[in-house]
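Trainee: Start from the sequences and build out the full structure, keeping to the hints where you can.
Under my numbering, residue 141 is the last one in the sequence shown; the count climbs by one each step, no gaps.
Simulated from the structure, these hints should not be mistaken for laboratory data. Watch out, some of these pointers could steer you wrong.
[Said to hold, decoys possible] Dumping the calculated SDA-like pairs for lysine to any residue here, alpha-carbon to alpha-carbon at most 25 Å:
#, residue 1, residue 2
1, K60, V136
2, K132, P91
3, K60, I86
4, K60, G46
5, K132, G14
6, K60, H18
7, K132, R99
8, K132, E111
9, K60, D10
10, K60, T89
11, K60, D93
12, K60, R30
13, K60, G88
14, K132, G81
15, K132, Q116
16, K132, P110
17, K132, A92
18, K60, P91
19, K60, D50
20, K132, G71
21, K132, I102
22, K132, P122
23, K132, L121
24, K132, Q77
25, K132, E107
26, K60, H70
27, K60, R131
28, K60, F74
29, K132, H18
30, K132, Q108
31, K132, R33
32, K132, Q17
33, K60, F134
34, K60, D119
35, K60, L20
36, K132, F114
[To be verified] What follows is a set of in silico ranges between Cβ atoms, one per label pair, in the way DEER data are often shown:
#, residue 1, residue 2, range
37, P23, H70, 16 to 24 Å
38, H18, M120, 16 to 24 Å
39, P91, P122, 14 to 22 Å
40, H70, Q115, 13 to 21 Å
We treat Cβ as the ideally placed atom computed from N, Cα and C, and that holds for glycine.
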Amino acid sequence: MNFDEFTGQAQHRLGMPGTGETLRAIRATLMTLGQRIPEGNAEDLAASLPIEIKWYLTGAVHDHGQRFDWQEFVGRVSDIEGTDPADAAYHARVVIDLVHEQVPESDFQQLRDMLPEGEDAENWRKLFEVVDADE
Numbered sequence: 007m008n009f010d011e012f013t014g015q016a017q018h019r020l021g022m023p024g025t026g027e028t029l030r031a032i033r034a035t036l037m038t039l040g041q042r043i044p045e046g047n048a049e050d051l052a053a054s055l056p057i058e059i060k061w062y063l064t065g066a067v068h069d070h071g072q073r074f075d076w077q078e079f080v081g082r083v084s085d086i087e088g089t090d091p092a093d094a095a096y097h098a099r100v101v102i103d104l105v106h107e108q109v110p111e112s113d114f115q116q117l118r119d120m121l122p123e124g125e126d127a128e129n130w131r132k133l134f135e136v137v138d139a140d141e
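Mentor: Written as structure tokens, this is what we have:
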């Protein structure tokens with residue numbers, strides 16, 4: 007899938023009127039995810055994405071491997087995207103579902119496995135609600 011197809015699919019699924027809003031949602035989700043996961047995992051996940059999208063996960067501005075919870079994740083996505091937290095959480099779920107369709111299952115499982123298992127695990131599972139609903 008190329009950049010235009012990826013953004014077109016995201017725009018359709020998110021029900022957004024324009025490409026600009028769609029790209030903000032994609033960028034906010036993937037930049038924040040890139041901050042949360044280790045650099046090598048971000049590179050693995052990004053390898054199957056269009057080059058223009060790949061950078062959001064792996065860009066040099068990231069401090070990879072940060073430890074923050076689901077609420078912080080949603081807050082960061084919301085701030086970057088410039089939308090309210092409920093919309094940001096939904097947008098993140100949809101973007102992650104689209105990423106899931108583009109990457110090898112082993113890389114996606116690696117993403118699931120690196121997110122917390124303890125008290126915050128239930129909250130992080132929210133990120134995969136659309137993916138899990140499709141299966």
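Trainee: Indicate, hint by hint, whether the structure satisfies it.
Mentor: Outcome of the hint check:
1. At most 25 Å may separate the alpha-carbon atoms for a hinted pair to count; K60 and V136 meet this at roughly 21 Å.
2. Restraint check for K132 and P91: the C-alpha separation of about 13 Å stays at or below 25 Å, so the hint holds.
3. For the given pair, K60 sits about 17 Å from I86 by alpha-carbon distance, which is consistent with the 25 Å threshold.
4. Between the alpha carbons of K60 and G46 the distance comes to roughly 13 Å, so the proposed pair stays at or under 25 Å and holds.
5. Straight-line distance between C-alpha atoms of K132 and G14 comes to about 24 Å, which keeps the hinted pair within the 25 Å bound.
6. The straight-line distance between the Cα atoms of K60 and H18 is roughly 20 Å, inside the 25 Å bound, and the hint therefore holds.
7. Proximity of K132 to R99 is assessed by CA-CA distance (about 8 Å); at most 25 Å being required, the pair is judged to hold.
8. Straight-line distance between C-alpha atoms of K132 and E111 comes to about 19 Å, which keeps the hinted pair within the 25 Å bound.
9. Between K60 and D10, the direct Cα distance comes to roughly 14 Å. Compliance with the 25 Å bound is thereby established for this hinted pair.
10. A threshold of 25 Å between alpha carbons decides the hint, and for K60 with T89 the separation of about 23 Å falls inside it, so the pair holds.
11. The suggested pairing of K60 with D93 holds, with an alpha-carbon distance near 23 Å, which does not exceed 25 Å.
12. For the given pair, K60 sits about 14 Å from R30 by alpha-carbon distance, which is consistent with the 25 Å threshold.
13. Only pairs whose Cα atoms come within 25 Å are accepted, and K60 paired with G88 is accepted, the gap being roughly 21 Å.
14. Simply put, K132 and G81 have alpha-carbon atoms about 14 Å apart, close enough for the 25 Å limit, and the pair holds.
15. In summary, the hint linking K132 to Q116 is supported, as the alpha carbons are separated by about 17 Å, within the 25 Å threshold.
16. A threshold of 25 Å between alpha carbons decides the hint, and for K132 with P110 the separation of about 21 Å falls inside it, so the pair holds.
17. Proximity of K132 to A92 is assessed by CA-CA distance (about 12 Å); at most 25 Å being required, the pair is judged to hold.
18. In summary, the hint linking K60 to P91 is supported, as the alpha carbons are separated by about 24 Å, within the 25 Å threshold.
19. A threshold of 25 Å between alpha carbons decides the hint, and for K60 with D50 the separation of about 10 Å falls inside it, so the pair holds.
20. Taking the CA atoms of K132 and G71, the gap is near 20 Å; set against the 25 Å cutoff, the hint holds.
21. For the given pair, K132 sits about 11 Å from I102 by alpha-carbon distance, which is consistent with the 25 Å threshold.
22. Taking the CA atoms of K132 and P122, the gap is near 12 Å; set against the 25 Å cutoff, the hint holds.
23. With a C-alpha separation of about 12 Å, the suggested pair K132 and L121 falls inside the 25 Å cut-off, and the hint holds.
24. Between K132 and Q77 the CA atoms are separated by roughly 11 Å; this keeps the pair inside 25 Å, and the hint holds.
25. The hinted pair formed by K132 and E107 meets the criterion: a straight-line CA distance of about 17 Å does not exceed 25 Å.
26. Distance hint between K60 and H70 is fulfilled; the C-alpha atoms sit about 15 Å from each other, no more than 25 Å.
27. For the proposed pair K60 and R131, the alpha carbon gap of about 23 Å is at most 25 Å, so the pair holds.
28. The straight-line distance between the Cα atoms of K60 and F74 is roughly 22 Å, inside the 25 Å bound, and the hint therefore holds.
29. Restraint check for K132 and H18: the C-alpha separation of about 21 Å stays at or below 25 Å, so the hint holds.
30. Among the hinted pairs, K132 with Q108 is consistent with the structure: their alpha-carbon atoms are about 20 Å apart, no more than 25 Å.
31. Annotation: proposed proximity of K132 to R33 holds, straight-line Cα distance about 19 Å (limit 25 Å).
32. With a CA separation close to 21 Å, the supplied pair K132 and Q17 stays within the 25 Å bound.
33. Between K60 and F134 the CA atoms are separated by roughly 20 Å; this keeps the pair inside 25 Å, and the hint holds.
34. A distance of roughly 21 Å separates the Cα atoms of K60 and D119; the hinted pair therefore holds under the 25 Å criterion.
35. With a CA separation close to 20 Å, the supplied pair K60 and L20 stays within the 25 Å bound.
36. A hinted pair counts as satisfied when its Cα atoms are at most 25 Å apart, and K132 with F114 qualifies at roughly 15 Å.
37. For the pair P23 and H70, the supplied restraint of 16 to 24 Å is violated, since their beta-carbon distance comes to about 33 Å.
38. Remark: the range hint 16 to 24 Å for H18 to M120 is contradicted by a beta-carbon distance near 29 Å.
39. Separation of P91 from P122 is about 19 Å and conforms to the stated range, judged on CB atoms against 14 to 22 Å.
40. The given range of 13 to 21 Å is respected by H70 and Q115, whose C-beta atoms sit roughly 19 Å from each other.
Against the hints set out earlier in the document, violations occur for numbers 37 and 38.
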